[in-house]
Amino acid sequence: MAIVVERKKLGFFERLYLPQIISGLWITLKNIFRPRVTLEYPDQAPVLPVGYRGAPTLVKDSEGREKCVSCQLCEFVCPSKAITVTPGEIPADSQYAFIEKAPAEFKIDMLRCIYCGLCEEACPERAIVLQNNFSINGASRAELIYNKTKLYAEGGVLPDKIMKWKRVKDNAELEGGSH
Amino acid sequence: MENEKVTVNINGCNYEVGAGLNVLEACRSVGVEVPFFCYHPKLKVAGSCRMCLVTIGTPARDRATGELLKKEDGSPEISWMPKPAIACGTKVSQNMHVVTDSEFIKSCRESVLEFLLLNHPLDCPICDKAGECKLQEYANTFGRGESRYIENKNVKPKKVMVAGKIMMDSQRCIECSRCIRFCREFIGRSTFSFTKRGSKTEISVYPNSDNDSNYLLNVVDGCPVGALTEKAFRFKMRTWFLKVTDSICGESSAGINVRVWSRNGKIYRITPRRNDAVNDMWMTDSGRYIHYRFEAKNRMSVARIDSSPCDLGYAAERCLEILKLGKVAIVANAWQSVEEMFLMKRLADACGAKIYMISHVGADDGKLLSADRTPNMRGAFLTGLLDSYPPKDFKGLGAAIDAGEVGTVLCFREDLKDFGLEQKQLKAANIIYCGALENNISASAKICIPLRTEFEKNGSWVNRQFRIQKFNMAVQAPENTFADIDFLSFLLSELEGSHFDAPSAEDVRAEMAKSIVAMKDAVHIPASGLPLDSSQFASVDFPEEDAMHYSRQKK
Ligand code: SF4
Ligand code: SF4
Ligand code: SF4
Ligand code: FES
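Residue numbers (my numbering), protein chains in the order written: chain W, -4 to 174; chain R, 3 to 557.
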């Protein structure tokens, strides 16, 4: 059944249109003298608030060690199943062989990521961090599945206050252990 | 004794529990959880972890007269033990009182865990046991959550390889001694032992001990923490991603109950599943790697006619045409499920074919690796494929081909060339090869039908005890492969004119129950299997020797 919508009849002033146009122009005029808020992106970059959640990245500590130990907790927690970790073993000749485990490959599908930050929260090593990059683009879908190299390039170095593994090593040396 | 019951009061409620149980099992049987590390249902009690502490009391008696004392209200007076006792090492007795949920017991558990965690490295992120680690679970449930320990932790050897298949990390060990007891009690030879004393105690391996036992990996399942982990599974996948499927090991006729752990169609590991009538809680090491067989590159991926790939359905049609020509011999194998064998028998009857099978026999270790290296030889007897134990080769089939009695061989899985057929005999007959893997005859076979592996289908096998046990599909089969049941029922419905389209294993078992007396109850098989009547096969000379839960005489 069709519903007939009653149209209100326009009054005389309304039919003139001019008062509306003038009041619109008045708003324009006021704003010309207001401070500008529009950014000329991408020529100007926005100032991001602290705690901004951009693309997840992998980071290294100040010694340049890759912090991720491929525990796959981020993979487990990720609600959009964006992360795929392939665990691997640190080679015996590495100075970090005592940490035993590091990712052989690490992939994040940026097309799936919803920037929720759960991976960062779950990570026991503080190895995956959502940083400031919000401009994620590529020419193909495949390009937007970031691999380990790309994730480390994006992440850079994030100084670690705790240096848990260094402590483990120092303790082992102190206690005459076998590391 | 077995069915005798005693009344035990657990946390204020009276329960009837089996006499002779220990308090821990008694509590478990009525659903009261008592945490434990060192206790293992299949090993002797060590009482070393103290995690299972409970308060125990027994009815008080008058010292002079021996009479039971009563409180004013008539209820029995209980004399409580002044200190907590270990539930795993205490047997239940009539009217025993047990408390597991008091503040005191909670503080006991908390303290035990605090001690266990003092020197624990807390490296769960890199530990393969994480997700199925008892220490992790209990620390979560019963622990105090924070450490008060500020001293340096003890450091013990990590990453020690044992017998080429176990990674040992003594720092994670909680000194429960399960591994030591397993080797002593089950393998019968000591492999592990504690060295040093006090908090420096560490689990070590006897130097120069030969650890070639085929059961050593059971210590990995037994270790409640990540001190012993499996080399082959090391850093492959976290356990919480893996899907668990109950299955049966196809290594031998022992019929070990297993769990298959897979993710995204890949099998990561196989571990034993408890069945007190078959394998207790153990399995062979070799059985754990049986899935590697099918990960091989020689998986048959596409149907072929005269070596050129073709559509699966078309190949099946051609198969049918050839079978209709007559003079057929069918080569069956004892890896096939009972259901498949049943259809196979009907197929043989429908096309007047004779069935040939061979035996695959190896050394019997008297435990869980039996002489018959096929999982379902008994099934072949039950379904009527066999009436005497089969020979070791296909000489009989060869002779039949030479005599011109056989023009077509429908061969399932077996490698005819390796087992006694000569090249000219293979040439003389039309070979239809159906199997999951390529072999010596598949390349030159007239038709090749790719089938599924036992991890990709449902079915059941009958083990050496004549116990029928179900295995379930763990991973998806690759495209363009036939489930044996589907293939056989396709051939059957064409040859017999019956309507038997793509039945499930259960459907076939229902059919079977109607026509095979011994199988009449075997439609729905419980998880622990179902013993079948085997009296009619008492005269068959099976090769297995006496072993765990199996004796030859009892047949
Ligand atoms: S931010 Fe959220 S969606 Fe993105 S990778 Fe991390 S857990 Fe997944
Ligand atoms: S990024 Fe963190 S949570 Fe993810 S695998 Fe690496 S260590 Fe584990
Ligand atoms: S290695 Fe494992 S099983 Fe052996 S004593 Fe230590 S914790 Fe127990
Ligand atoms: S389980 Fe009872 S003492 Fe360890």
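There could be a bad hint or two in this list.
Okay, derived cross-link-like pairs now, DSBU-like style, lysine-lysine, Cα gap no bigger than 30 angstroms in a straight line [what the hints assert, rightly or not]: (1) W:K161 - R:K136; (2) W:K143 - R:K46; (3) W:K102 - R:K46; (4) W:K145 - R:K268; (5) W:K159 - R:K7; (6) R:K198 - W:K143; (7) R:K299 - W:K159; (8) W:K161 - R:K299; (9) R:K93 - W:K164; (10) W:K55 - R:K233; (11) W:K164 - R:K202; (12) R:K93 - W:K159; (13) R:K245 - W:K96; (14) W:K164 - R:K245; (15) R:K202 - W:K55; (16) W:K96 - R:K299; (17) W:K161 - R:K155; (18) R:K238 - W:K161; (19) R:K136 - R:K72; (20) R:K198 - W:K156; (21) R:K299 - W:K156; (22) R:K198 - W:K159; (23) R:K155 - W:K143; (24) W:K161 - R:K268; (25) W:K159 - R:K155; (26) W:K55 - R:K238; (27) W:K159 - R:K268; (28) R:K233 - W:K96; (29) W:K143 - R:K233; (30) W:K143 - R:K299; (31) R:K136 - W:K159; (32) R:K160 - W:K143; (33) R:K202 - W:K96; (34) W:K96 - R:K93.
Quick caveat, the hints were computed from the structure, so don't treat them as lab data.
Predicted model, so just to flag it, every value in this text is computed and none were measured.
Against the structure, the hints come out as follows:
1. Between W:K161 and R:K136 the alpha-carbon distance is near 28 angstroms, which keeps this suggested pair within the 30 angstroms criterion.
2. Using a Cα cut-off of 30 angstroms, the hinted pair W:K143 and R:K46 is violated, with the two alpha carbons roughly 49 angstroms apart.
3. Taking the CA atoms of W:K102 and R:K46, the gap is about 47 angstroms. The hint is violated against a cut of 30 angstroms.
4. Note on W:K145 and R:K268: the hinted pairing holds, with a Cα-Cα distance of about 27 angstroms set against a maximum of 30 angstroms.
5. Proximity of W:K159 to R:K7 is assessed by CA-CA distance (about 54 angstroms); at most 30 angstroms being required, the pair is judged violated.
6. Between R:K198 and W:K143, the direct Cα distance comes to roughly 44 angstroms. Violation of the 30 angstroms bound is thereby established for this hinted pair.
7. Between R:K299 and W:K159 the CA atoms are separated by roughly 43 angstroms; this puts the pair beyond 30 angstroms, and the hint is violated.
8. A threshold of 30 angstroms between alpha carbons decides the hint, and for W:K161 with R:K299 the separation of about 43 angstroms lies outside it, so the pair is violated.
9. At most 30 angstroms may separate the alpha-carbon atoms for a hinted pair to count; R:K93 and W:K164 exceed this at roughly 46 angstroms.
10. With a C-alpha separation of about 28 angstroms, the suggested pairing of W:K55 with R:K233 holds against the 30 angstroms cut-off.
11. With a C-alpha separation of about 18 angstroms, the suggested pair W:K164 and R:K202 falls inside the 30 angstroms cut-off, and the hint holds.
12. The hinted pair formed by R:K93 and W:K159 fails the criterion: a straight-line CA distance of about 46 angstroms is larger than 30 angstroms.
13. Proximity of R:K245 to W:K96 is assessed by CA-CA distance (about 23 angstroms); at most 30 angstroms being required, the pair is judged to hold.
14. Taking the CA atoms of W:K164 and R:K245, the gap is near 36 angstroms; set against the 30 angstroms cutoff, the hint is violated.
15. At roughly 35 angstroms between alpha-carbon atoms, R:K202 and W:K55 are farther apart than 30 angstroms, so this suggested pair is violated.
16. Restraint check for W:K96 and R:K299: the C-alpha separation of about 29 angstroms stays at or below 30 angstroms, so the hint holds.
17. Only pairs whose Cα atoms come within 30 angstroms are accepted, and W:K161 paired with R:K155 is accepted, the gap being roughly 14 angstroms.
18. Annotation: proposed proximity of R:K238 to W:K161 holds, straight-line Cα distance about 25 angstroms (limit 30 angstroms).
19. Distance restraint check for R:K136 and R:K72: the Cα-Cα separation of roughly 42 angstroms exceeds the 30 angstroms cut-off, and the hinted pair is therefore not satisfied.
20. With a C-alpha separation of about 36 angstroms, the suggested pairing of R:K198 with W:K156 is violated against the 30 angstroms cut-off.
21. At roughly 49 angstroms between alpha-carbon atoms, R:K299 and W:K156 are farther apart than 30 angstroms, so this suggested pair is violated.
22. Simply put, R:K198 and W:K159 have alpha-carbon atoms about 28 angstroms apart, close enough for the 30 angstroms limit, and the pair holds.
23. For the hint pairing R:K155 with W:K143, the CA-to-CA distance comes to about 34 angstroms; that exceeds 30 angstroms, so the pair is violated.
24. Between W:K161 and R:K268 the alpha-carbon distance is near 36 angstroms, which puts this suggested pair outside the 30 angstroms criterion.
25. About 13 angstroms separates the Cα atoms of W:K159 and R:K155, which keeps this hinted pair within 30 angstroms; it holds.
26. With a C-alpha separation of about 23 angstroms, the suggested pair W:K55 and R:K238 falls inside the 30 angstroms cut-off, and the hint holds.
27. Between the alpha carbons of W:K159 and R:K268 the distance comes to roughly 34 angstroms, so the proposed pair goes past 30 angstroms and is violated.
28. Only pairs whose Cα atoms come within 30 angstroms are accepted, and R:K233 paired with W:K96 is accepted, the gap being roughly 13 angstroms.
29. Restraint check: the Cα-Cα separation between W:K143 and R:K233 comes to about 25 angstroms, which is no more than 30 angstroms; the hinted pair holds.
30. About 29 angstroms separates the Cα atoms of W:K143 and R:K299, which keeps this hinted pair within 30 angstroms; it holds.
31. This hinted pair checks out: R:K136 and W:K159 have alpha carbons roughly 24 angstroms apart, not beyond 30 angstroms.
32. Taking the CA atoms of R:K160 and W:K143, the gap is near 28 angstroms; set against the 30 angstroms cutoff, the hint holds.
33. A hinted pair counts as satisfied when its Cα atoms are at most 30 angstroms apart, and R:K202 with W:K96 qualifies at roughly 26 angstroms.
34. At roughly 44 angstroms between alpha-carbon atoms, W:K96 and R:K93 are farther apart than 30 angstroms, so this suggested pair is violated.
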